[in-house]
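Peer 1: Each chain, written out:
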Amino acid sequence: MRTPPPYRLPVEKQKQLQRAERLEWVTIFFLITIAGVMYLATGSSQAMKTAWLEDVLSLVPPIVFLVALRFRTKPPNEQFPYGYRRLISVAFLSAATALLIMGLYMLYDSAMKLIMQEHPTIGLREIWGWQLWSGWIMIAALIYSAIPPVILGKKKVPLAKKLHEKTLHTDAAMNKDDWLTALAAMVGVLGVGFGWWWADAVAAGVISVQVVKDGYENVTDSITDLIGQRPTRVGQGDEPELAPLQLVDRLKDLDWVEDATVRLREEGDVFTGEAYIIPRYDHHLLEHLRQAYQVIHTGDWRLYDIAVVPVATFEEAWSDPANDRGDHSTRPEKVSEKPAV
Amino acid sequence: MVRLGLLLTLALILATCTFPQDPNSTLDRVRGGTLRVGVTEHRPWVQRLDGDEPAGVEVELVRHFAEELGTSVQWVWGAEQEHLEALERYELDLAIMGLTQATPWKTRVGLTQPYYTSRITVGVPASMSSPPELAGVAVAVKEGSVIAAYLEEEEARPMRVSEPAQAEALVAAATWELDRLGLTPTDFELHSEKHVMAVPPGENGWLVALEKFLAARQSQVEQALQQQASP
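Each protein sequence line maps, in turn, to chains A and B.
Per the numbering used here, the first sequence starts with residue 1, numbered consecutively.
Per the numbering used here, the second sequence starts with residue 342, numbered consecutively.
Any given hint could be a false lead.
Subject to a maximum C-alpha distance of 25 angstroms in a straight line, what follows is the list of computed SDA-like cross-link-like pairs (lysine to any residue) [unchecked claim]:
#1 A:154 / B:343
#2 A:176 / B:345
#3 A:162 / A:306
#4 B:447 / A:217
#5 A:161 / A:127
#6 A:213 / A:232
Since the hints were made in silico from the structure, they are not lab data.
Computed from a predicted structure; not experimentally measured.
Take these sequences, add in the hints, and give me the full structure.
Peer 2: Structure, rendered in structure tokens:
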């Protein structure tokens with residue numbers, strides 16, 4: 001059985017991908033330092049604990065992205081004739097599910113602290129010879145936890161859009177929103193300083209809600225991606241990409257094409273699927289099909305492995321020949337009453 | 342610009358009022374009135390003398406703290422759990438009982454930073470020198486003490502006796518206890534205990550005031566332990 005060669009990004013996209021990969025490694029490095037600093041600063045503040053968990057969880061998208069990058073360039077083979085490009089969607093679905101469940105747990109934990117009226121005890125801490133209120137140490141840690149992610153996030157978002165990488169975009173968006181998490185936790189800690197014990201649990205709740213929201217959005221995005229939704233714009237929910245319509249226009253521009261329609265889905269960063277063409281005439285059909293294939297795959301860098309299907313009518317493309325007429329039915333026939341001869 | 346204004350306002354507020362504050366105003370209440378302290382005997386930290394008069398290292402610290410605050414002290418004798426449960430529900434302001442940071446109550450009440458760290462080690466008589474290692478060595482320890490378990494972790498042989506002082510052998514105890522017995526502490530680290538005091542949960546202003554007081558008194562604790570030690 002023959003299989004197609006693996007997808008290759010255009011050269012400029014390869015450079016952008018390399019940059020994205022580098023930024024993801026930098027992100028992982030900083031997130032680990034942040035997790036360490038936060039861990040040391042966290043005392044009995046629920047908001048700090050939640051913020052720390054959120055920071056640790058934000059390690060998951062970049063790791064998923066980097067691992068999937070390694071696998072998806074593997075060429076298709078007999079066992080996996082469609083290649084490995086979908087791995088990233090599956091990996092991301094698992095990661096998003098983990099995020100969602102953790103977020104729900106964090107929300108439950110914070111709510112319980114509020115219901116049980118647990119007053120957080122935040123006293124002095126000795127640091128480098130000074131006796132400081134732990135709250136200031138926590139706030140310092142929170143400020144540090146906000147700076148690298150926000151900077152990195154701002155750099156990654158435009159890259160994600162250029163590369164049509166949804167995983168990268170989600171990761172970048174979460175990084176950019178880290179300042180909100182840090183701010184919420186700071187308000188919580190300061191609130192405790194002012195004697196409002198509930199400020200801590202409330203801040204933790206706010207952070208948890210954000211995590212749940214991120215987790216939920218990512219889960220639904222991954223699911224729609226995996227069940228073959230039409231291509232959607234990066235970072236804009238379900239808003240459809242114009243690529244399918246543009247493709248149809250380009251095909252119809254060909255003089256031998258009477259009419260055309262396409263059916264596309266996303267597989268990671270590429271669009272794949274089928275193009276149904278009604279040619280005006282039968283002659284030179286192979287040449288024309290080859291031309292159509294070229295037109296499709298040189299127009300938009302995201303199109304890959306699109307099958308070109310010539311049909312007489314569109315209904316014919318999707319007819320079910322086995323069930324069209326009763327006498328060709330494939331359903332098991334009723335046992336005949338005719339007596340054996 | 343707005344952010345800078347907010348920051349300055351915050352700084353102003355913090356500079357003028359006491360920070361952090363108590364949700365239940367413990368510090369203010371104690372300053373104006375009485376300090377309710379739960380005490381449980383645990384020598385040498387808390388001792389019960391005749392007439393229910395409290396004495397001990399922690400008791401002395403609390404007496405000085407109360408003097409600084411200009412408040413009178415109400416001592417309440419009782420057991421550990423009683424006091425900590427009361428503390429948890431704000432029926433007491435402070436509980437002292439030779440508590441250490443390892444207490445499982447740390448999630449339910451507030452604990453100060455450790456004000457003193459005890460070192461549990463093996464002591465040798467002045468005439469002997471420290472053994473090269475503890476494995477297989479017989480060491481006397483007070484019966485019913487957890488220190489016997491620490492010795493077994495080091496593969497020593499604990500001899501559980503009622504009066505280690507009379508054992509005429511190596512003894513495992515805290516360094517200030519060994520000083521009292523006239524033994525020289527060795528370098529073996531069996532265990533370390535970080536001593537803390539307990540306060541009601543979330544009363545951070547009160548806690549910080551106490552912690553500031555204790556932080557300045559580390560050397561006094563060492564002295565008090567020596568004094569308590571001499572019979």
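Peer 1: Would you mind marking each hint as holding or not holding in the structure?
Peer 2: Do the hints match the structure? See the list:
{"no.": "1", "hint": "A:154 / B:343", "result": "23 angstroms, holds"}
{"no.": "2", "hint": "A:176 / B:345", "result": "22 angstroms, holds"}
{"no.": "3", "hint": "A:162 / A:306", "result": "21 angstroms, holds"}
{"no.": "4", "hint": "B:447 / A:217", "result": "38 angstroms, violated"}
{"no.": "5", "hint": "A:161 / A:127", "result": "44 angstroms, violated"}
{"no.": "6", "hint": "A:213 / A:232", "result": "20 angstroms, holds"}
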